[in-house]
Amino acid sequence: ETGVTQSPTHLIKTRGQQVTLRCSSQSGHNTVSWYQQALGQGPQFIFQYYREEENGRGNFPPRFSGLQFPNYSSELNVNALELDDSALYLCASSWGRGWQDTEAFFGQGTRLTVV
Amino acid sequence: GENVEQHPSTLSVQEGDSAVIKCTYSDSASNYFPWYKQELGKGPQLIIDIRSNVGEKKDQRIAVTLNKTAKHFSLHITETQPEDSAVYFCAAPRMEYGNKLVFGSGTILRVKS
Chain V
36 ETGVTQSPTH LIKTRGQQVT LRCSSQSGHN TVSWYQQALG QGPQFIFQYY REEENGRGNF
96 PPRFSGLQFP NYSSELNVNA LELDDSALYL CASSWGRGWQ DTEAFFGQGT RLTVV
Chain C
250 GENVEQHPST LSVQEGDSAV IKCTYSDSAS NYFPWYKQEL GKGPQLIIDI RSNVGEKKDQ
310 RIAVTLNKTA KHFSLHITET QPEDSAVYFC AAPRMEYGNK LVFGSGTILR VKS
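Chains V and C supply the protein sequences, listed in that same order. For what it's worth, the numbering used here labels the leading residue of the first sequence as 36, then goes sequentially. For what it's worth, the numbering used here labels the leading residue of the second sequence as 250, then goes sequentially.
The shape of chain V in the complex, shown without the other chains:
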């Protein structure tokens, strides 16, 4: 158990809809990173939040947005869902801005299916 919890664990949405995924970071951690993992592939970096501000973004369109709250929990929002958005969405919790300072712990992920 990493102490990082994600909800919901599974979700089915229709193309064009919007979805919100949630992540509670490990106690003492102030950084949350979100990743998309398509079937059979490695996780792809979406963005990172450090102390409530975005701290880096990968190659994902603006319809992927996020938020971090004062307790350092985080949300990932995806608008105008497309079939290709079907994937496992992972949240990673860490302390500090860079991976070189501390290790990161992943939650169990949210499996999103877009039909």
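Because the hints were derived from the structure by calculation, they are not lab data. A few of these clues could be false.
[Stated by the list, open to error] Derived pair list, reagent style SDA-like, types lysine to any residue, alpha-carbon separation capped at 25 angstroms: (1) C:286 x V:143; (2) C:286 x V:44; (3) C:286 x C:328; (4) C:271 x V:75; (5) C:291 x V:120; (6) C:307 x C:318; (7) C:361 x V:76; (8) C:291 x V:59; (9) C:361 x C:310; (10) C:291 x V:55; (11) C:306 x C:257; (12) C:361 x C:267; (13) C:291 x V:122; (14) C:291 x V:110; (15) C:291 x V:116; (16) C:271 x C:302.
[Claimed, not checked] With the Cβ distance kept under 10 angstroms, some of the chain V side facing chain C (calculated, not the full set): (17) 75; (18) 76; (19) 80; (20) 127; (21) 138; (22) 144.
The structure presented is a predicted model; accordingly, all values stated were derived computationally and were not measured. Ideal placement from N, C-alpha and C gives every residue a C-beta, glycine not left out.
We have chain V; now place chain C onto it with these hints.
Relative to chain V, chain C alone:
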């Protein structure tokens, strides 16, 4: 994942044998190299990591070696056991993303008993 190449994509070994997975990276500024194990239905679990100021790190049956000149690092698992069967990912920071991790494409390790 782009800029981190991982090989092989699948690896089958007999219980008790060793397994080696290799990764290469392109960003010479990278200085942190973790390895994750992902079991079915779970998120990736950090199993070992190495920083650029050392060439090798060992933790019981698991070791990681780093060659910064050649820009490659490897995971070594000795005395493999059936519970080692999983997907393994390497990762490295990429400065373009503000030093965030880029993952390899993964290696499916099967340990046959």
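Each hint tested on the structure:
{"no.": "1", "hint": "C:286 x V:143", "in the structure": "holds (12 angstroms)"}
{"no.": "2", "hint": "C:286 x V:44", "in the structure": "holds (19 angstroms)"}
{"no.": "3", "hint": "C:286 x C:328", "in the structure": "holds (17 angstroms)"}
{"no.": "4", "hint": "C:271 x V:75", "in the structure": "holds (18 angstroms)"}
{"no.": "5", "hint": "C:291 x V:120", "in the structure": "holds (19 angstroms)"}
{"no.": "6", "hint": "C:307 x C:318", "in the structure": "holds (21 angstroms)"}
{"no.": "7", "hint": "C:361 x V:76", "in the structure": "holds (23 angstroms)"}
{"no.": "8", "hint": "C:291 x V:59", "in the structure": "holds (16 angstroms)"}
{"no.": "9", "hint": "C:361 x C:310", "in the structure": "holds (17 angstroms)"}
{"no.": "10", "hint": "C:291 x V:55", "in the structure": "holds (20 angstroms)"}
{"no.": "11", "hint": "C:306 x C:257", "in the structure": "holds (21 angstroms)"}
{"no.": "12", "hint": "C:361 x C:267", "in the structure": "holds (12 angstroms)"}
{"no.": "13", "hint": "C:291 x V:122", "in the structure": "holds (13 angstroms)"}
{"no.": "14", "hint": "C:291 x V:110", "in the structure": "holds (19 angstroms)"}
{"no.": "15", "hint": "C:291 x V:116", "in the structure": "holds (24 angstroms)"}
{"no.": "16", "hint": "C:271 x C:302", "in the structure": "holds (19 angstroms)"}
{"no.": "17", "hint": "75", "in the structure": "holds (8 angstroms)"}
{"no.": "18", "hint": "76", "in the structure": "holds (6 angstroms)"}
{"no.": "19", "hint": "80", "in the structure": "holds (5 angstroms)"}
{"no.": "20", "hint": "127", "in the structure": "holds (8 angstroms)"}
{"no.": "21", "hint": "138", "in the structure": "holds (5 angstroms)"}
{"no.": "22", "hint": "144", "in the structure": "holds (5 angstroms)"}
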